[in-house]
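Colleague: Sequence:
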Amino acid sequence: MKAYKLFFPACIICLLMVLTGSCSADRSKTGQSSTNHEDRGILHVDDNNRYFVFEDGTPYIPVGLNNFLLFREDGHAIDSIISLYSEHGINYMRIWAGLGADPETEVGKFDEDQMAALDTIVQCCKRHGVYLNISFWNENCIRSQEGQWGWNGSQQIYNKDNNIHGTTTNADDLKDTLHGPSWNAMKIRYAFFVERWKNESIIIMWDLVNDSKKSDAWKAGMYNFVRETDGSDRIITFQYNTSIDPGGEMDCGSVRVYNYNPDGNDPEAMMLSLAERIRQGLTHGDPVYCGEGRMSYTEGSDYALERGFLHFLWGPIAVGAAGNLHSWLSGNKWPDPSERELDWIKCYSDFCKTINWSGFNSKNVDGEIVPDQPGIKTFACRSNDEMLLYLMNDDTADKFEKTHTQLKITSQLDKDRYELKWIDIRTGETISREKISEFPAVVNTPDFRDGLFGHIRKINTRRF
Numbered sequence: 001m002k003a004y005k006l007f008f009p010a011c012i013i014c015l016l017m018v019l020t021g022s023c024s025a026d027r028s029k030t031g032q033s034s035t036n037h038e039d040r041g042i043l044h045v046d047d048n049n050r051y052f053v054f055e056d057g058t059p060y061i062p063v064g065l066n067n068f069l070l071f072r073e074d075g076h077a078i079d080s081i082i083s084l085y086s087e088h089g090i091n092y093m094r095i096w097a098g099l100g101a102d103p104e105t106e107v108g109k110f111d112e113d114q115m116a117a118l119d120t121i122v123q124c125c126k127r128h129g130v131y132l133n134i135s136f137w138n139e140n141c142i143r144s145q146e147g148q149w150g151w152n153g154s155q156q157i158y159n160k161d162n163n164i165h166g167t168t169t170n171a172d173d174l175k176d177t178l179h180g181p182s183w184n185a186m187k188i189r190y191a192f193f194v195e196r197w198k199n200e201s202i203i204i205m206w207d208l209v210n211d212s213k214k215s216d217a218w219k220a221g222m223y224n225f226v227r228e229t230d231g232s233d234r235i236i237t238f239q240y241n242t243s244i245d246p247g248g249e250m251d252c253g254s255v256r257v258y259n260y261n262p263d264g265n266d267p268e269a270m271m272l273s274l275a276e277r278i279r280q281g282l283t284h285g286d287p288v289y290c291g292e293g294r295m296s297y298t299e300g301s302d303y304a305l306e307r308g309f310l311h312f313l314w315g316p317i318a319v320g321a322a323g324n325l326h327s328w329l330s331g332n333k334w335p336d337p338s339e340r341e342l343d344w345i346k347c348y349s350d351f352c353k354t355i356n357w358s359g360f361n362s363k364n365v366d367g368e369i370v371p372d373q374p375g376i377k378t379f380a381c382r383s384n385d386e387m388l389l390y391l392m393n394d395d396t397a398d399k400f401e402k403t404h405t406q407l408k409i410t411s412q413l414d415k416d417r418y419e420l421k422w423i424d425i426r427t428g429e430t431i432s433r434e435k436i437s438e439f440p441a442v443v444n445t446p447d448f449r450d451g452l453f454g455h456i457r458k459i460n461t462r463r464f
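All letters in the sequence shown, in the order written, are residues 1 to 464 by the working numbering.
Derived by calculation from the structure, the hints in this document are not laboratory data.
Honestly, I wouldn't trust all of these hints.
With a cut-off of at most 16 Å between alpha-carbon atoms, the simulated EDC-like pairs for lysine to aspartate or glutamate come out as follows [stated by the list, open to error]:
#	residue 1	residue 2
1	Lys363	Asp47
2	Lys213	Glu276
3	Lys160	Asp173
4	Lys160	Asp172
5	Lys187	Glu106
6	Lys402	Asp366
7	Lys219	Glu200
8	Lys219	Asp245
9	Lys219	Glu276
10	Lys363	Asp286
11	Lys353	Glu429
12	Lys187	Asp161
13	Lys458	Glu429
14	Lys219	Asp173
15	Lys421	Asp350
16	Lys187	Asp176
17	Lys458	Asp416
18	Lys213	Asp245
19	Lys408	Glu434
20	Lys213	Asp173
21	Lys214	Glu276
22	Lys421	Asp395
23	Lys435	Asp385
24	Lys198	Asp39
25	Lys435	Asp414
26	Lys353	Asp173
27	Lys198	Asp233
28	Lys198	Asp119
29	Lys363	Glu276
30	Lys214	Glu139
31	Lys109	Glu195
32	Lys458	Glu434
33	Lys408	Asp366
34	Lys421	Glu434
35	Lys399	Asp447
36	Lys415	Asp447
37	Lys346	Glu87
38	Lys402	Asp447
Input sequences plus hints: build the corresponding full structure.
Modeller: See the structure below:
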């Protein structure tokens, strides 16, 4: 998602009126909101450094949206939107504390009405059990000027040329720690947000920067500062740009592809690129989730966008990603998923609930799945007794007629009896089942057009 620093007073007034009527009606006489959120404690990286687990031992995999809820012109109540998301298996959202209607209206000063709007989103998420990742800064607000967006925009409060309370005339000073006034102002900003929400267990991640161009010193310094200010070991992450290696700098890696069109907005090429980003991030020994990305809506056919949506939804967990923040939505609906897209997300989310993620010590094994057709691309990860697979039909002719393939699985899983289930990526239903008595193995797939998901586990493994 590309979003930039802008200010819409009327939008905020309308939003606050909507929010007042949505979540505040559920407050008790004590002023506390009723909640369906069960406090499971702080979210941690699991003992295998692969996935996530709450303090009480409950495994968790993010199934979510990259959704900036303050950008709304349709007047829908935020509570009803989050309720709809929750009903469709969405358990995670990433929102911004500083975009569109930045609460920091002057360096070091924050508008309480705008903060209250963000507070209400937090309370609505608590009611519906949707966890939050809050991002504190968007680097695009200090990029080269485009219209009113960028370093020279009229609302850019950090630019001394625009605002007498600004910290610098050089945008690069906000990317490092060397310029004292800018670095201190950034710390004041971050401390304000962390202090306000650090006791909200529904917030499971602090996201330091969106579209980051920060220096290594800035990243390390702000990580340590936020960790100290928070006082807990809540996960701290970072939004890396397309093609940037997370480098093991944060508690987990976030990777993406965004309007990345190496072959004319080809969704299969984008999925291959996303898989490469995931594998690269996994080499650092941290969980990696897909944090943002989408195709260019202006270039793709409806079917190309559909394929991209489904590839990016199911493919990453087969590569080994620890979750999926899905912003690959219909262009004319953004930031809202369509009804069909919500149904697809629910099917995926329902499947994810069948895996004991904190017990799934997986590694990427794409090379252990060998199809007999070169146009079928394979993605896979496995532990010693369980495997996830995704098959993608990279049809260069773009016909995507029904096909099938024979797979040679060269993996050495523990000796036992296994079942392979092939799952329809649009319905979540099991298409076919096959017993496997030993590995390596050769299996045949059912027919599929564009993508097919597979799950191999021991027959005596009970559903999680």
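Colleague: Hint by hint, note whether the structure agrees.
Modeller: Hints and how they fare:
{"no.": "1", "hint": "Lys363 / Asp47", "verdict": "14 Å, holds"}
{"no.": "2", "hint": "Lys213 / Glu276", "verdict": "21 Å, violated"}
{"no.": "3", "hint": "Lys160 / Asp173", "verdict": "12 Å, holds"}
{"no.": "4", "hint": "Lys160 / Asp172", "verdict": "13 Å, holds"}
{"no.": "5", "hint": "Lys187 / Glu106", "verdict": "15 Å, holds"}
{"no.": "6", "hint": "Lys402 / Asp366", "verdict": "23 Å, violated"}
{"no.": "7", "hint": "Lys219 / Glu200", "verdict": "24 Å, violated"}
{"no.": "8", "hint": "Lys219 / Asp245", "verdict": "14 Å, holds"}
{"no.": "9", "hint": "Lys219 / Glu276", "verdict": "24 Å, violated"}
{"no.": "10", "hint": "Lys363 / Asp286", "verdict": "12 Å, holds"}
{"no.": "11", "hint": "Lys353 / Glu429", "verdict": "14 Å, holds"}
{"no.": "12", "hint": "Lys187 / Asp161", "verdict": "22 Å, violated"}
{"no.": "13", "hint": "Lys458 / Glu429", "verdict": "19 Å, violated"}
{"no.": "14", "hint": "Lys219 / Asp173", "verdict": "14 Å, holds"}
{"no.": "15", "hint": "Lys421 / Asp350", "verdict": "15 Å, holds"}
{"no.": "16", "hint": "Lys187 / Asp176", "verdict": "12 Å, holds"}
{"no.": "17", "hint": "Lys458 / Asp416", "verdict": "7 Å, holds"}
{"no.": "18", "hint": "Lys213 / Asp245", "verdict": "13 Å, holds"}
{"no.": "19", "hint": "Lys408 / Glu434", "verdict": "14 Å, holds"}
{"no.": "20", "hint": "Lys213 / Asp173", "verdict": "12 Å, holds"}
{"no.": "21", "hint": "Lys214 / Glu276", "verdict": "23 Å, violated"}
{"no.": "22", "hint": "Lys421 / Asp395", "verdict": "24 Å, violated"}
{"no.": "23", "hint": "Lys435 / Asp385", "verdict": "14 Å, holds"}
{"no.": "24", "hint": "Lys198 / Asp39", "verdict": "14 Å, holds"}
{"no.": "25", "hint": "Lys435 / Asp414", "verdict": "15 Å, holds"}
{"no.": "26", "hint": "Lys353 / Asp173", "verdict": "45 Å, violated"}
{"no.": "27", "hint": "Lys198 / Asp233", "verdict": "11 Å, holds"}
{"no.": "28", "hint": "Lys198 / Asp119", "verdict": "12 Å, holds"}
{"no.": "29", "hint": "Lys363 / Glu276", "verdict": "14 Å, holds"}
{"no.": "30", "hint": "Lys214 / Glu139", "verdict": "8 Å, holds"}
{"no.": "31", "hint": "Lys109 / Glu195", "verdict": "15 Å, holds"}
{"no.": "32", "hint": "Lys458 / Glu434", "verdict": "12 Å, holds"}
{"no.": "33", "hint": "Lys408 / Asp366", "verdict": "12 Å, holds"}
{"no.": "34", "hint": "Lys421 / Glu434", "verdict": "7 Å, holds"}
{"no.": "35", "hint": "Lys399 / Asp447", "verdict": "15 Å, holds"}
{"no.": "36", "hint": "Lys415 / Asp447", "verdict": "29 Å, violated"}
{"no.": "37", "hint": "Lys346 / Glu87", "verdict": "8 Å, holds"}
{"no.": "38", "hint": "Lys402 / Asp447", "verdict": "6 Å, holds"}
Hint check: violations occur at hints 2, 6, 7, 9, 12, 13, 21, 22, 26 and 36; the rest are consistent with the structure.
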